Each structure stands twice: as structure tokens, then as C-alpha cells.
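Novice: Letter by letter, the chains look like this.
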Amino acid sequence: MAKNQALFDAICHGNRPETVEIVGGIVADGGDAVEALMDSMIPAMRQIGDQFARNEVYVPEMLIAARAMQAGLDILDPVLSTAGHEPIAKVAVGTVRGDLHDIGKNMVAMMLRGAGFEVVDLGVDCDLEKWQQAVDDGSQALCCSALLTTTMPYMETIVEHFRSSETKIIIGGAPITEAFAQKIGADGFSEDANGAVSAVEACLGISA
Amino acid sequence: MTPLERWLAVLNRQKTDRVPTDYWATQEASLNLRRHLGLETMRAVFEHLEIDCVVSVAPRYTGPTLAADADAFGCRYQTVDYGTGHYRECVHNPLAGYDNLDAIKADYTWPSPDWYDYGGIEAQIEGWEDYPVRGGGSEPFLIYKNLRGQQQAFIDLIENPDIVHYCLDRLFGLAYANSSRIYETLPGRVNLSYVAEDMGSQTGLMMSLAHIREFLLPRMKRAVDLAHEAGAFVFHHNDGGIRDVLPDLIDLGIDVLNPIQWRCKGMEREALKRDFGGDLVFHGAVDNQQTLAFGTVEEVRAEVRDHIEILGAGGGYILAPCHNIQAVSPPENIVALYEAAREFAATSA
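Chains as they are written, first to last, in our numbering: chain A, 9 to 216; chain B, 2 to 350.
If you're looking for bench data, these hints aren't it; they were derived computationally from the structure.
Incorrect hints may appear among the rest.
[Said to hold, decoys possible] A few chain B residues facing chain A, derived, Cβ under 7 Å:
#1 T85
#2 I156
#3 I159
#4 M208
#5 S209
#6 Q290
#7 A328
Small disclaimer: the values here were computed from a predicted structure and weren't measured.
Yeah, the Cβ is synthetic: ideal placement off N, Cα and C, and Gly gets one too.
Using the sequences and the accompanying hints, generate a full structural model.
Specialist: This is how it looks when you write it as C-alpha cells:
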């Protein structure tokens with residue numbers, strides 16, 4: 009049971025208006041924003057992510073849940089900052105150079121935000137310059153996505169570039185496998201958006 | 002046997018001399034292959050490698066003038082260079098900003114079947130009498146995603162079902178009219194109808210069975226029935242891990258299942274053959290994500306042998322790449338694919 013079951017359910021069901029109403033009410037009443045985030049909203053995204061991994065819900069349900077979550081976060085973020093709540097870590101996500109496919113990358117971004125990370129979405133067709141800029145701006149991990157066999161080799165270029173740094177590289181996308189991740193020396197791999205959260209947590213030494 | 006005879010034998014569950022083959026590749030992969038073989042045309046490649054390829058027919062667009070980067074639906078595209086080749090990606094979705102059906106009806110002009118000329122279709126198969134012909138079919142949700150944007154199209158299934166129903170009715174209607182005209186132009190000569198839709202990801206279905214049954218299957222049924230009435234087999238393309246929808250698709254009447262991405266969850270070849278081999282002819286399977294792109298010649302040969310033994314046991318299989326061979330694939334691997342197909346392809350059909 010979540011502390012605020014109505015909020016938990018609103019996010020799980022992708023009910024953006026209800027999420028906005030509940031979160032807005034918490035903020036207006038001076039309620040505990042951190043508790044709402046940690047004890048109801050993040051668990052809701054974790055549940056939807058687990059259901060997605062088990063093929064119990066699908067892309068449409070994930071998208072509307074993530075959108076409801078984001079709507080709640082948009083209201084909470086200023087209050088969380090004031091309360092001194094820090095994101096778990098800062099992570100950049102993007103699709104690699106030459107690749108414009110982003111729905112999987114977007115879902116990873118949604119799940120990471122839903123898990124409490126600060127996420128910088130670099131968009132698509134990201135070359136080394138964009139990834140380096142993200143690290144220069146404070147990203148501790150880079151989540152790189154590719155849909156095509158023709159663009160996935162660029163992931164090795166990214167890994168090579170950051171090999172001597174502390175930056176963690178996590179990769180994913182339809183043609184990506186654990187074997188490929190190991191071959192190029194990536195720090196982590198995930199076969200879906202839900203697993204990306206666990207992979208990032210593992211790479212950064214964060215317990216779930 | 003000619004390629005056409007070979008295909009028809011497999012589709013009609015009769016004996017063949019060997020498992021038929023097919024060819025799907027990007028332009029860059031094909032150019033690399035022609036250079037590797039020292040051949041000028043793809044026809045020469047097909048004859049050299051004994052590929053039983055399919056000839057596709059399509060009408061000529063004769064509607065209102067289109068911008069160079071646009072299609073008849075108003076979607077706009079960008080050519081994206083990924084180093085070893087390029088892809089044409091949709092970057093403008095004309096129905097992206099709409100949140101109600103009445104506004105779409107008021108603002109948007111659908112393409113008309115009369116914008117297409119079918120007069121040149123007969124010429125497209127001249128000289129290809131020994132090869133199967135593919136014409137007509139449908140893949141409307143693909144177009145819908147380009148019209149609304151990828152994410153909004155999926156969200157619409159839950160939040161804007163009226164928009165989905167309206168647009169799919171129009172898109173399936175266009176496809177039906179196109180298919181009808183092709184079958185009328187080539188009576189009895191169209192062997193395959195491409196009734197397609199991508200429902201799977203690497204790990205399972207992208208949308209629920211409930212949504213597939215509500216929005217897609219009833220409309221696909223019309224396309225399937227039209228193809229069968231014209232004497233064509235239904236070639237159903239459906240990427241990814243789509244095992245859960247196969248019983249529905251078999252009930253619908255599909256004949257051929259493509260592409261058989263066996264690395265995806267639920268698409269293990271032995272189980273597919275065991276559970277659905279009596280109802281479906283399998284097409285594809287040779288992995289283009291790893292084997293053809295990054296594997297060795299020996300790995301390609303071994304995979305071809307496995308496909309023939311597993312998916313081709315007792316017939317019911319047409320060997321091909323599981324989608325377009327990508328530009329990164331060494332031409333030696335492509336040659337190995339088709340040479341192994343000849344070597345191992347004695348069928349027990």
C-alpha cells in the first residue's frame with residue numbers, strides 16, 4: 009500500500025488531471041512533498057515499470073503513466089528544491105549519432121525521472137560533443153540508445169572516449185545485447201526501460 | 002522448378018526441389034553486394050545466387066504536386082546519414098497537434114485513390130513471369146504513427162479512440178481501394194498481398210491484445226478476405242516478439258508469417274514450428290541484427306542450416322533475411338547465406 013493510494017493509483021492509471029489535482033492539493037496544503045514523491049509517486053512508476061517488463065501493460069499505458077508522473081513532478085520540483093531534496097544522481101540520455109529513433113530512449117528518461125534521477129534528455133543523433141557537454145554539465149552516467157545495427161557501433165566510440173573517466177556508460181536498444189555491451193566495455197546494459205533504472209543504480213552504486 | 006513454382010509449392014503444402022529463398026536489403030547493402038560480385042544489376046545477382054525473389058508492383062502517383070521531402074499524407078521526411086548509409090525518417094507529423102476529431106475532419110484532406118495511376122503495373126512484371134508477384138495489402142498503423150507522431154499514436158489508443166477509429170477507417174479504405182485496383186489490373190497474377198503491421202518490440206507486444214483486437218484485426222480481416230478472393234496468399238509482416246497475437250492472426254486467415262525474429266522473446270523457432278507450423282508458412286528468420294551484420298561466414302552457414310532443419314521440417318518455410326540486410330553486413334555473409342541455402346536446402350516437403 010502506498011502512503012497516498014489515490015496518488016499512486018492516479019499515476020498507475022495514467023490519470024494526469026487527477027495526479028495534478030492531488031499533487032497540487034498537497035503543495036497548497038503545505039504537505040510533505042518528499043513523502044509524496046518517495047512513498048507514492050516513485051513506487052507507482054516502479055510498479056508500472058515492473059508490469060511493463062512482465063508484458064502486463066504495454067507502450068500506451070507506460071506513456072500515459074509517465075506523463076502523469078511528469079505532470080506531478082512539474083508541480084513538486086520547486087517545493088522539493090526548497091525542502092533540500094536532492095535527486096539521486098544526474099544522468100543524460102540520448103540516441104546515438106545517425107539515429108533518430110527516440111521512443112525507447114524517451115521511456116528510459118521517464119523511468120529514470122520516475123525513480124528520482126535528474127535526467128538531461130539530449131535528444132537524438134547525439135555525437136561525442138553532446139555527450140561530453142552533458143558530462144561537463146554534471147551528468148554522472150550516460151544512457152545511450154540505438155535502434156539500428158548501423159548506428160550501434162557508435163556506442164563503442166562513446167565508450168572509448170570516456171574510458172579513462174569516472175563517467176558510466178549504459179547502453180540499450182533493440183539490437184543491443186549483453187554480449188555487445190561486454191565486448192565494447194560498456195558499464196551497463198538493459199534490454200528495456202525498466203531495467204535501465206536498475207542498470208544505472210548498479211553502475212552508480214545506488215541501492216534501490 | 003521456377004521461383005514461382007517453388008513458392009506456390011510451399012504455399013500449397015506440396016513438394017519442392019528445395020527451400021525457396023527471398024531477398025530484402027537496403028540500397029547500400031545491395032550496392033556492396035553487386036560490387037563484391039562484379040555484377041551490374043540486382044537481376045544478375047538474383048540469378049547468380051539463385052534467389053527466388055518477389056517482384057512488387059505499385060501504382061504511380063499522379064496527384065497534387067508534392068514537396069521533395071513529403072509524401073501524399075503530408076508527412077515530411079529527412080534523410081539521415083549514419084555513416085555507412087542513410088535512412089529516410091519521418092520528421093513532421095501533420096496531425097500531431099490535434100486533440101479532437103472534428104478539427105481533423107475539418108482541416109485534413111486525405112489522399113484519394115484517384116491520385117494513383119495503375120496503367121504501368123503490367124509492365125512492371127514483364128520479364129518476371131517466372132517469379133512471384135506481390136501487390137496490394139495494408140500497413141495503416143505505420144502511417145498513423147507518421148501522421149500523429151510515434152508517442153501520440155500509442156497514447157491515442159487509450160485517450161483518443163475516436164481519432165484512431167476514424168483515421169484507420171480512412172487508411173484501410175485507401176489500402177483496400179489500392180489493392181482492389183491492383184488485383185483488377187493483374188487478375189489471377191498477384192501471388193502475395195502484404196497485409197502488415199508492426200505489433201512487437203524486442204521483448205513482446207507493443208500494444209495489448211485488447212487494442213489489437215479493437216483497432217486492427219477487424220479491418221485487417223477485410224484486407225485478408227479481399228486478397229483471398231483475388232487468389233493471393235496473405236503475406237503478414239509483423240516485427241518483434243509477437244507470439245501472443247499469432248492465434249488471432251491465424252483465425253484472421255494469414256498464410257505467411259514474416260520476419261520470424263527468433264532472437265525476440267517468445268519467437269523460439271522450435272516452438273513456433275511445433276505450435277503454428279500447421280497453420281503458417283514461415284518467411285525470413287536469418288538474423289540481420291547480429292549474424293548477418295557482425296557474424297562470421299561459418300555462423301551464417303550454421304544459422305541457415307538450423308533454419309532449414311527447424312522451420313523447414315516438412316516444408317512450410319521460405320528462407321530470407323529477417324528484415325532488410327543492413328549496410329554494415331559484409332557481402333561475404335550475404336553470399337554465404339544464399340550459397341548455404343542451396344547447399345542445405347534439399348527439402349523433405
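Novice: Are the hints correct? Go through all of them and say.
Specialist: Hint by hint, here is what the structure shows:
1. Interface hint status for T85 (chain B): upheld, as the beta-carbon distance to the closest one in chain A is roughly 6 Å, under 7 Å.
2. The interface hint given for I156 (chain B) is met, as the beta carbon of that residue sits about 5 Å from the closest beta carbon of chain A, less than 7 Å.
3. Satisfaction of the interface hint for I159 (chain B) is found here, the shortest Cβ-Cβ separation to chain A being roughly 5 Å, below the 7 Å cut-off.
4. Given hint, M208 (chain B) at the interface with chain A, holds; its Cβ is 5 Å from that chain's nearest Cβ, closer than 7 Å.
5. Evaluation of the S209 (chain B) hint against chain A yields a held restraint, the C-beta minimum of about 5 Å falling below 7 Å.
6. Restraint check, Q290 (chain B) versus chain A: the minimum CB separation of about 4 Å is within 7 Å; hint holds.
7. This hint holds: A328 (chain B) has a C-beta 6 Å from the nearest C-beta of chain A, less than the 7 Å allowed.
Every hint from the earlier list agrees with this structure, and none is contradicted.
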